[in-house]
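Work from the hints to combine the two standalone chains into their complex.
Quick note, the sequences are listed as chains F and L, same order.
If you read the first sequence in my numbering, its first letter stands for residue 1018, the second for the next number, and so on.
If you read the second sequence in my numbering, its first letter stands for residue 410, the second for the next number, and so on.
No lab work stands behind these hints, which were simulated from the structure alone.
Keep in mind the model is a prediction, meaning the values are calculated, not measured.
Hints should not be assumed to be uniformly reliable.
In silico SDA-like pairs for lysine to any residue, Cα to Cα no more than 20 angstroms straight-line [as the list claims (entries may be wrong)]: (1) L:497 / F:1348; (2) L:497 / F:1306; (3) L:730 / L:423.
Here are some chain L residues the structure puts well away from chain F; computed CB gaps all over 10 angstroms [claimed, not checked]: (4) 411; (5) 546; (6) 592; (7) 677; (8) 739.
Partial list, derived from the structure: chain F residues whose beta carbon lies under 7 angstroms from chain L [as the list claims (entries may be wrong)]: (9) 1112; (10) 1116; (11) 1137; (12) 1268; (13) 1362; (14) 1395.
C-beta atoms are modelled at their ideal positions from N, C-alpha and C, and glycine is treated no differently.
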Amino acid sequence: MDVPYFPINDFGPIMKGLVIGGLGIFHVFLAQFAIGGGLLMCHLQRLAQAGRLPLARRFIDDFFQYLVLVSFVMGALTGVGMWFTTIQISPRTIGVMVEEFHWLWATEWTFFCLEIASGYCFYRYGRRLNDRARLTLLATYSAAAWFSLFWINGILSWQLTPGSFMETGRVWDGFFNPSFFPSLIFRTITSMTIASLAACLVVNFVPDFTREERAEIIHKCAAFLAPMAAMPLLGIWYFLSIPADSRSWILGGSVAMTLFFSLGVACSMLIGAYALFGLLRNQLYINGATCLLLLALAFLATAGGEFVREGARKPYTIREYLYSNSLTEDEVEWLRKHGSVTNDPYPLQNRDELPTDQIRLGAKVFRKQCSICHTIDGANGLTHLTATWTTSQLRMNVSQLQRTKPFMPPFAGTPEELEALIQWIQWNNSDRPDDWPPSNDPDVLRDIRKWMDEVGTTPGIHLVHGSETSQP
Amino acid sequence: MNAPFPFGFPWPTAFYLTLYVVTFAIHVAFMHYVIAGSSYLVTVAVRNRPVDPDRRGTLLRDWMPLMLSAAITAGVAPLLFVQILYQKPYYTANLLLFNRWMAILPALIVGFYLLYLLKSPLATRRGMWLRVVITAGAFGCFFFTGWSWTENHLLSLQSNEVWAQHYAEGRTRFWTITLIPRLITWFAAAFPTLAIWLAWQIRLTADDDTENHATVIGRLALTAWIGMAISVIAGIVLLVMDPPEVRQAVLGIAGIPWMLLGIAGVAAQAIGWWQLRGVGRLCRSRLTIISAGCSASILAGAVLRELMRISRLDIAAFYPKHAAAAEVGGLVVFLFFFAVNAVIIGYCIWLVRSADQLAPTDDAPAQDEVHSA
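Chain L with its partners taken away, still in its complex shape (with noise of 0.2 angstroms):
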């Protein structure tokens, strides 16, 4: 690794890397939506005001189970990369976890029934305490996926002696001191994002143009700084705790531009926000500075996560099959397809986003009717 991350790799390695390092961008920004949005409405329901008038509350409920179908469509792409790259310490993790890793596809349905189950007639009409238990279900389902996956994550980089050790006790968990500050790192920095998303969101579904911002922003102001600080002091105390050639994967010279691509986003977020509290009102050039800082940030965190995988396995042994991978045929449909449907996508967004569609009919319900459904 004697070059920016990820020019000292052969080209087929170099190349799978960024696709997954990419396409795992993409759902994190989502998962952590759903991760934080979903802490966010325990507190919400805990709480129980009788107005949201901020709107993040019926935000967050009405759109958590589009995101987190996004989240998990978004995630079947690093899936089919991290399998190319990784194969065998990859299925080993998943084989040693057995049930305990497979636990999650449950824990995924029912946190995802939990959030329509949210949506529904009867969590309003019921007290207080089945929408704690419903938000409180839903929470404990999408962090117990998080920790499995962080679990997965470690025990892939273990030795063929820890693993075969592991095996033949017979366990199911897999336990090291660093996965409090990975889980803490990963957990804080979702509320930064979930903080911009929900600006965006606030901003673009305002039925009033005089709607009063100054407080909302205060408080996602507040909520991406602390998360930021969290987060990036977690990610301190791990890099502390990592064996020194993850320290020197992360600083040396293939860690360091996205390290410093990393600092730049968080800076940029810290004072977006600290600007946005001065305007008062969700304006666009701010928030897109912001967003840009987020992004930056967690594509950032995504190749410093991948290079800190990197120093802990033999790589170049993985060297033939990539190179053997990148033979096969098929890429070309692939990116033709991928700019067709990306397109009809945005068509159909747009489609439903036209002011001249959205005409009401006869027997339409009204919009809070449809997503109670």
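Extracted from the complex, chain F is given alone in its bound form (with noise of 0.2 angstroms):
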């Protein structure tokens, strides 16, 4: 069997999914703020032809400056910045996506090419254009960034619910999965209030405006704050649609995932019912103090949202095929008996630093198989994991992963490997001595080998909710 190998990075004490989730999150906001950026414009621009909201135009000119220059320069590039930290941190993962989907990669693309055309067309001429014209590039500017986030949204909630694709490997029905459509209102939803929160902001720094015409348009912009009232029943909608055991993460399987969930829905909820009762209902002013409190407590939903997303695909990265530590279950079995890093052909990068042989193998074991998501003693650690446990309690755990914690994938190697992965651990947590016995014994391999067997290769989530119940 063919198993990929690729350098491993050490990231030291950040968790590797900390990097990916911390870019992710910026860029996704910045990238929602410009969809629902140019859905504003467009709102705005067909009020003041209206003759609705004249001083719309004199707006509409300054915002976009605001959107190109946060949008067009950090967007675009936190964009490839994510393909290359994906790169960094899970290469067979985006592999994955990029040979199955390239060609839905490559239109989302061209409606890229479409964004920054029509939006660089109406930054640098819109103020000498005449209305109708204004529209036309605004209604394309923002038809654009809709159908980027339209296709970007159906390859990343396919790596959730892949739905019938597993069995018939049809690009359209990985595309059109379980949670495309929820995820896909939810986000515009939520690009709608972001966008609708900055443009407050904005307008309490632009010089020329009094504050009645401040008022003016703030109200006005806070009608796109509305949709959030549909929030808690799209919410539950995308709820629905991502496995049974993905919930249960979200609903106290996981700590840290129901932490981010809960912030994700006091933050929104708290944006909603300003929105709702003090801008919508009692027209209050909003100045950019409160906007910019209102545009932090958005990043914070969005943070908590995207931390559950990637989180609650797990044990996988890809649903039902890809272990978040990149081997697929079938290596799983191949690698139980071959070893998961025989053929890896990357030495250690601290080899001088580990007393024994067994200790480095261990190392290399953790290197393949749990980096990942772990890290020794720093976030996610370890160390701070495991300290608790007898020696033998550790060896148990390991050995039967999926069942100890079902979010994690069953371990993938020897016992021999196992035993090495346990010995670098307590090494570890006896503060690294100069010194270390081998343990060998083969009662204790044997005994391995048979909570290994017992368990099997059948990931938690199946062990837990049973095959077809991991299902929607």
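Rendered as structure tokens:
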């Protein structure tokens, strides 16, 4: 079996998921600002043309400059950055996604080109165009931006809910997957919310408007917050569309996931409450500081939502196909016989710091199987997670990892590798002494093999929920 | 490789190679403008002349952010296809260069904002040194990005043993002597492309039919000639320094037609600029010939670069992956939206160029004011 090996980098105390998650949250926030911003500008342009908000034209020109400076530069480059970062974190995941969906990604690129072209046309010539031409460019820009979301949403939601793709292998079965539409609509409303808050912020900083003019623009922009009322229902729809086990992580199965989910819900509720009662019902004026606070809450809500979306895929990175440590279900069985690092061509970078060959083997196993989600003593560090476990407890828990924690993938190596990993963890837990006795008791290895065989290579989610109920 | 590129490969490989090379060539056309243009802007800032009679500096300052945006946007397509063609070596090089490689992203962001800053009233009002710092900073960011790409490309061509050693030593830089001629080839080749871009821009934005172009033609011609000469010499040096299999690929049946196309392209540019100098004005027919020559030489360069890569990799090992990729759906949808969106982009450009639409409104500010925003 040809299991691919890539050089795996050490991010020190930072969990790799935090790196990709951090950039992802930032990028998603900017991208949604661009999408919602386009829709909002169209709305305001229409109001201007209808004579319902004559000063909208001036505001659009100001707002669009912020849109270009933020989204065209940071949004575009963090988008490319997402690709590069995913390669750093999990090259195999991005490789599979590119192989399966490259034409849809290429289609998204054509819309991205259209977004940039129409956006620059408006940015450069918008002030000198008549209303009809302005609306045409803005509509083109916002349609292109929204369709970028449409295409990317299909690919990203496929990772969590591949639907019938795994049986048919057809690209459209994967694209229009069970969570495609709830996710798309939810993100569209989020985009509108972010753009509306950003517009309220910008209007506070544009010097040429009077307070009354600002208030008028704020109240028109606040209309874009109204769809937030549908968010609870959409959230439930999305929630029901994802697999049962993923729901269980959010509802308490994983403390971190539950906390981030709660954070997202709480922030969204605060924004929604202020929008509905303050801005829409009571027509309050909103100053720059409050806007900034609400935008910060929106950022936190985005962060919570994206963290949950990423985390809900566990133990997979591509559901039912690729585990989070970039091994497939088939490979796990093969690697249990042949070893997960036997053919790994990349030596350890800190080889000389490790006292024995067994500890070195353990370090390699950690690098291959665990380092994608864990550090040794930093974020999600194994030292902290296992400090209270006895050695035999550790052996059994790792042997039956998917049973210990169902959002973990099964251990994919030989009993010797598992024992080496245990020794490496214990060596780290013991402050890394210069000497460490080898552990090669045949009875221990026999026990490990027995525990591993007991649970097999069945994913933990199937042990808990059964193979059928893991589907939505 | 017993047939002219890309015919010596199975059709899926040939198909993706063609897409890669074509999209890469489009990216290069914009990238050349940015890298050569930003270096020229440094000289403009250093000379600090109060007037810009031939408008090269003004045009570059004005158009640079858009062209950088175009270069980045156009760069996404080859980035997609390279992942299908050479997934393992490409990903491995990315991973081995690690932080050093990822640094191109903040570098591009900083460079991008510096270009906007250069257009702002702040850069105009303040002294020469601020403009020197801004332009040098932007050029440094783009040159660093180009250097990193070249480094990444060369590292992706190395053997498993070199990769393993590179990783074990924890290095995040890769050095080989061929990096120098390769970088010089690309950097110098950017100037003829910039020259023809600028020639078109000067012609299309001339407010006055009587604008004298003789001086600027002479300068642009000189820029193009020197750039082509250095690029060709560096390219020959690179070929001499590379292993024999690389020379065989470039000078063999797969590469010779493209080599000839490249020579024809360079000749068309050299002669075209000579003729333009004689004419003394930026006439459309000769500019079109030079543009065709420039496009041909960029395309030929992209193909020869690819042949050099293929000769050092076992591309046959990737054939099954290419065949599997060619089986997946979505091509028709892509072609449909590619055509539709290309038409809409054309329409947007037509819309803003249309004289009827460019009637100033009551509150429309002057163009300079718009651009400086």
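Against the structure shown, which of the earlier numbered hints fail to hold, in ascending order? 2, 8, 12, 14
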